[in-house]
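What follows is the residue order along each chain.
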Amino acid sequence: MDELEILKKDWKRRENDLPHLKASEIYPMLLKKSSSIVKWIFIISLIELSISTFLNIYLTDDQFWLQVETIHLKTITVGIYIINYLITFVFIYCFYKNYRRISTTDSASMLMENILKTRKIVKYYIIYVLISTGITTMLFFIFSILYPPVGENSVEGINWFWLLLIGIAVTSILLGLIWIIYSLLYGILLRKLKRNYKELKRLEN
Amino acid sequence: MKKELEHTFVELLEKNQNIVHKVCRIYTNDQDSHNDLFQEITIQLWKAYPKFRGDSKFSTWMYRVALNTAITIYRKAKRAPKTQDFDSVLFKISSTGYDDTEEQQLKLMYAAVKELNDIDKALVFLYLEDKDYREISETLGISEVNARVKMNRIKKKLRTILNP
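So the sequences go chain by chain: W and U. With our numbering applied, the first sequence corresponds to residues 1 to 205, in that order. With our numbering applied, the second sequence corresponds to residues 1001 to 1164, in that order.
Calculated directly from the structure, the hints in this document are not laboratory data. Where is the CB? At the ideal position from N, CA and C, for every residue including glycine. Do not rely on the hints blindly, as some may be mistaken.
Among the chain W residues that face chain U by a calculated CB cut under 7 Å, a handful are [claimed, not checked]:
1. Y197
2. K198
3. L200
In the BS3-like style, the derived pairs of lysine-lysine whose C-alpha atoms are separated by at most 25 Å in a straight line are [said to hold, decoys possible]:
4. W:K198 to U:K1003
5. W:K8 to U:K1150
6. U:K1131 to W:K8
7. W:K192 to U:K1051
8. U:K1155 to W:K12
In isolation and in its complexed conformation, chain U is listed as follows:
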């Protein structure tokens, strides 16, 4: 029974592993941390799997568990940007020099996203994953209005880095 459960779980995870890799990509900066976070998320998914009843899609459930794990670890490790104000971060990034090539713009934006706090990062991540506000608010356990407000704020800030 347990072996069957394990087999199904590993199969599902193998098929949907991109989600976990992407969460790792947005929350970590190097390969070692990426691997560590991937393993931690896998364990948390495995622990929570018996409670997964299939009333949501496996991938939707994965988003929730993976993001919660990343957020928890991120908080525990106190690697959060010391409640740094987003504006100061953007100032730091944009003052390093502006270049309007798309590559440079992307670099700046990724750097800005990396500096976001744990929840905002999750928000951007879900947005990049093409999730609508209803899904974002459900996954993160915040209200839809709150998600919209936060997202607009992030968008506005990103615009200011690219068009100073």
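Bound conformation, chain W alone:
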């Protein structure tokens, strides 16, 4: 008998031991795109951090610190920088963890859970950026009026109501711009993740 025929016989016999996956187990495999979306969220957050660090170094020259000192915000600014970097690193770490977790997931329900978690963290991150930018902008706005450069009008006679209104308007425009940029950066990825989630949910049902 041909040697390969012996092998063929055994090969056929072993067919019964082959694993059998259910459709619900095959489906997440088509959704491997989820892991590449989460990878992009991680990469974008890293690029964002690099750009903001570069801008910080470039913009915070001696003159900047002099101005900050004039409006009595030096200590607070340093504090804001430290806290901001710490929180940003925590978020980047979370994005990395999400990516690692999602790329090793092999069950539909776990994948769904991870997609939800990722979406939540990205939303928290955007909310954090908006709130921190809002507070910082308002702080700088108020302090630069409270401590005007020498020789200019003092705080007396200022209409605080209008000033506050202008401050809020300027901050809102700034936050609106940031929100648009973030919607473009992360929004598209988040929508894709949502679509994958819905497909998975439909299958689970």
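With the hints as your guide, set chain U onto chain W.
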């Protein structure tokens, strides 16, 4: 539309998944690699599915895509047996001791098949799957004569391990 396509595809794959599992079995050595290759083949099948027009059987098309994926990955990972000569492999295997029980013979043959290069492995795989030379040559994109020559060479070598 897309959802319908996905549904049909998953259904077909579920029904024919044995083919993919068998390709994984012949190309990998452990469960993790098996699962990885299965997932990769699934993705490649899914990507190619819109182009599948149904002029061949779904299973025939699956053989082609699955083997091409395995061969590509195998080459990329450079896990190929470093262009090891088949004779030296057989020598290594047969010198580990000869036992004429069928189980031992099978063990030796599987070990020998595992050491084959990516194309030869595909050839043996299709042969084990009962494909004729016309189908083998079509699936692998080689000539029928070439397929026969290669297969005879492999058979001869296997014979030498079992009957040294």
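* Against the structure shown, which of the earlier numbered hints fail to hold, in ascending order? -> Result: hints 1, 2, 3 break, sorted rising.
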